[in-house]
Amino acid sequence: GAVVSQHPSWVICKSGTSVKIECRSLDFQATTMFWYRQFPKQSLMLMATSNEGSKATYEQGVEKDKFLINHASLTLSTLTVTSAHPEDSSFYICSAARPGTRTDTQYFGPGTRLTVL
Amino acid sequence: RKEVEQDPGPFNVPEGATVAFNCTYSNSASQSFFWYRQDCRKEPKLLMSVYSSGNEDGRFTAQLNRASQYISLLIRDSKLSDSATYLCVAMGEYNFNKFYFGSGTKLNVKP
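Chains as they are written, first to last, in our numbering: chain A, 999 to 1115; chain B, 5 to 115.
Some clues are possibly wrong.
Stated by the list, open to error - Simulated crosslink set (DSSO-like; lysine-lysine; CA at most 27 Å straight-line):
| # | chain 1 | residue 1 | chain 2 | residue 2 |
| --- | --- | --- | --- | --- |
| 1 | B | Lys83 | B | Lys49 |
| 2 | A | Lys1018 | B | Lys49 |
| 3 | A | Lys1039 | B | Lys6 |
| 4 | A | Lys1062 | B | Lys114 |
| 5 | B | Lys110 | B | Lys83 |
| 6 | B | Lys46 | B | Lys83 |
| 7 | B | Lys102 | A | Lys1062 |
| 8 | B | Lys6 | A | Lys1062 |
| 9 | B | Lys83 | B | Lys6 |
| 10 | B | Lys110 | B | Lys46 |
| 11 | A | Lys1018 | B | Lys83 |
| 12 | B | Lys46 | A | Lys1039 |
| 13 | A | Lys1064 | B | Lys114 |
| 14 | B | Lys110 | A | Lys1039 |
| 15 | A | Lys1053 | B | Lys114 |
| 16 | B | Lys83 | A | Lys1064 |
| 17 | A | Lys1012 | B | Lys46 |
| 18 | B | Lys49 | B | Lys6 |
| 19 | B | Lys102 | A | Lys1053 |
| 20 | B | Lys114 | A | Lys1018 |
| 21 | B | Lys110 | A | Lys1064 |
| 22 | B | Lys114 | B | Lys83 |
| 23 | A | Lys1053 | A | Lys1018 |
| 24 | A | Lys1062 | A | Lys1039 |
| 25 | B | Lys46 | A | Lys1018 |
| 26 | A | Lys1064 | B | Lys6 |
| 27 | B | Lys110 | B | Lys49 |
Hints in this document: simulated from the structure, not taken from any laboratory.
All chains should be built: construct the whole structure from the sequences, respecting the hints.
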């Protein structure tokens, strides 16, 4: 089946540093990937839609200058949390839409747990 | 108002019980609906899609009521392994793949 990986699976960083999270589709090319954030005991919230070769589309209330998304290839999207602060500590999950399937088929990565001290 | 709303639970049921969850969605233009299962500190995994005609997969039955804008999931003969959080999902505008998740309903199946 389709597999989406994320790296790192967890990261701890100091306040003010930037953290890059990678999302890879391992056995298919994904023109569209999605980034979600999940705080404890809360829902997954869509942050942005990442489109290969073009700018990401951000959801309302998500700062595009703080959460930089780059989708430079058909198998890789990156999310960079710039100048991270403790309130950015969360579970970040990506998903990839597999082309040629129903438009509603998404495959989720295992998530990255970010802790900002 | 949230796009998708669910009762957070927890639902504590004995093994073998039948349990049902509902969720409501606010956007009448939503095209597709799903139930996902999420285990603690893991990514969500697709349990089943929800179709207008309703669909069944083994012990799981999903129903969609567009008029009332709610989705349901019925689990029969609960197993201990069914313990998880069940996420209701509505997909946004057609051809755009945007998923809106509910906050999840926690199920605890006890021996």
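Going down the list of hints, with the structure as the test:
1. In summary, the hint linking Lys83/B to Lys49/B is supported, as the alpha carbons are separated by about 18 Å, within the 27 Å threshold.
2. A distance of roughly 24 Å separates the Cα atoms of Lys1018/A and Lys49/B; the hinted pair therefore holds under the 27 Å criterion.
3. Our distance criterion of 27 Å between C-alpha atoms is met by Lys1039/A and Lys6/B, whose separation comes to about 15 Å.
4. A distance of roughly 44 Å separates the Cα atoms of Lys1062/A and Lys114/B; the hinted pair therefore is violated under the 27 Å criterion.
5. At most 27 Å may separate the alpha-carbon atoms for a hinted pair to count; Lys110/B and Lys83/B meet this at roughly 14 Å.
6. Between Lys46/B and Lys83/B the CA atoms are separated by roughly 20 Å; this keeps the pair inside 27 Å, and the hint holds.
7. At most 27 Å may separate the alpha-carbon atoms for a hinted pair to count; Lys102/B and Lys1062/A meet this at roughly 18 Å.
8. Annotation: proposed proximity of Lys6/B to Lys1062/A holds, straight-line Cα distance about 22 Å (limit 27 Å).
9. Proximity of Lys83/B to Lys6/B is assessed by CA-CA distance (about 31 Å); at most 27 Å being required, the pair is judged violated.
10. Between Lys110/B and Lys46/B the CA atoms are separated by roughly 14 Å; this keeps the pair inside 27 Å, and the hint holds.
11. The straight-line distance between the Cα atoms of Lys1018/A and Lys83/B is roughly 39 Å, outside the 27 Å bound, and the hint therefore fails.
12. Of the supplied pair hints, the one linking Lys46/B and Lys1039/A holds, its CA atoms being roughly 13 Å apart against a limit of 27 Å.
13. In summary, the hint linking Lys1064/A to Lys114/B is not supported, as the alpha carbons are separated by about 44 Å, beyond the 27 Å threshold.
14. Between Lys110/B and Lys1039/A the alpha-carbon distance is near 10 Å, which keeps this suggested pair within the 27 Å criterion.
15. Restraint check: the Cα-Cα separation between Lys1053/A and Lys114/B comes to about 48 Å, which exceeds 27 Å; the hinted pair is violated.
16. About 43 Å separates the Cα atoms of Lys83/B and Lys1064/A, which puts this hinted pair outside 27 Å; it is violated.
17. Of the supplied pair hints, the one linking Lys1012/A and Lys46/B holds, its CA atoms being roughly 24 Å apart against a limit of 27 Å.
18. Between Lys49/B and Lys6/B the CA atoms are separated by roughly 22 Å; this keeps the pair inside 27 Å, and the hint holds.
19. A distance of roughly 16 Å separates the Cα atoms of Lys102/B and Lys1053/A; the hinted pair therefore holds under the 27 Å criterion.
20. With a C-alpha separation of about 41 Å, the suggested pairing of Lys114/B with Lys1018/A is violated against the 27 Å cut-off.
21. Between Lys110/B and Lys1064/A the CA atoms are separated by roughly 32 Å; this puts the pair beyond 27 Å, and the hint is violated.
22. A distance of roughly 8 Å separates the Cα atoms of Lys114/B and Lys83/B; the hinted pair therefore holds under the 27 Å criterion.
23. Distance restraint check for Lys1053/A and Lys1018/A: the Cα-Cα separation of roughly 17 Å lies within the 27 Å cut-off, and the hinted pair is therefore satisfied.
24. Distance hint between Lys1062/A and Lys1039/A is fulfilled; the C-alpha atoms sit about 25 Å from each other, no more than 27 Å.
25. Note on Lys46/B and Lys1018/A: the hinted pairing holds, with a Cα-Cα distance of about 20 Å set against a maximum of 27 Å.
26. Annotation: proposed proximity of Lys1064/A to Lys6/B holds, straight-line Cα distance about 24 Å (limit 27 Å).
27. About 15 Å separates the Cα atoms of Lys110/B and Lys49/B, which keeps this hinted pair within 27 Å; it holds.
When each numbered hint is compared with the structure, violations occur for hints 4, 9, 11, 13, 15, 16, 20, 21.
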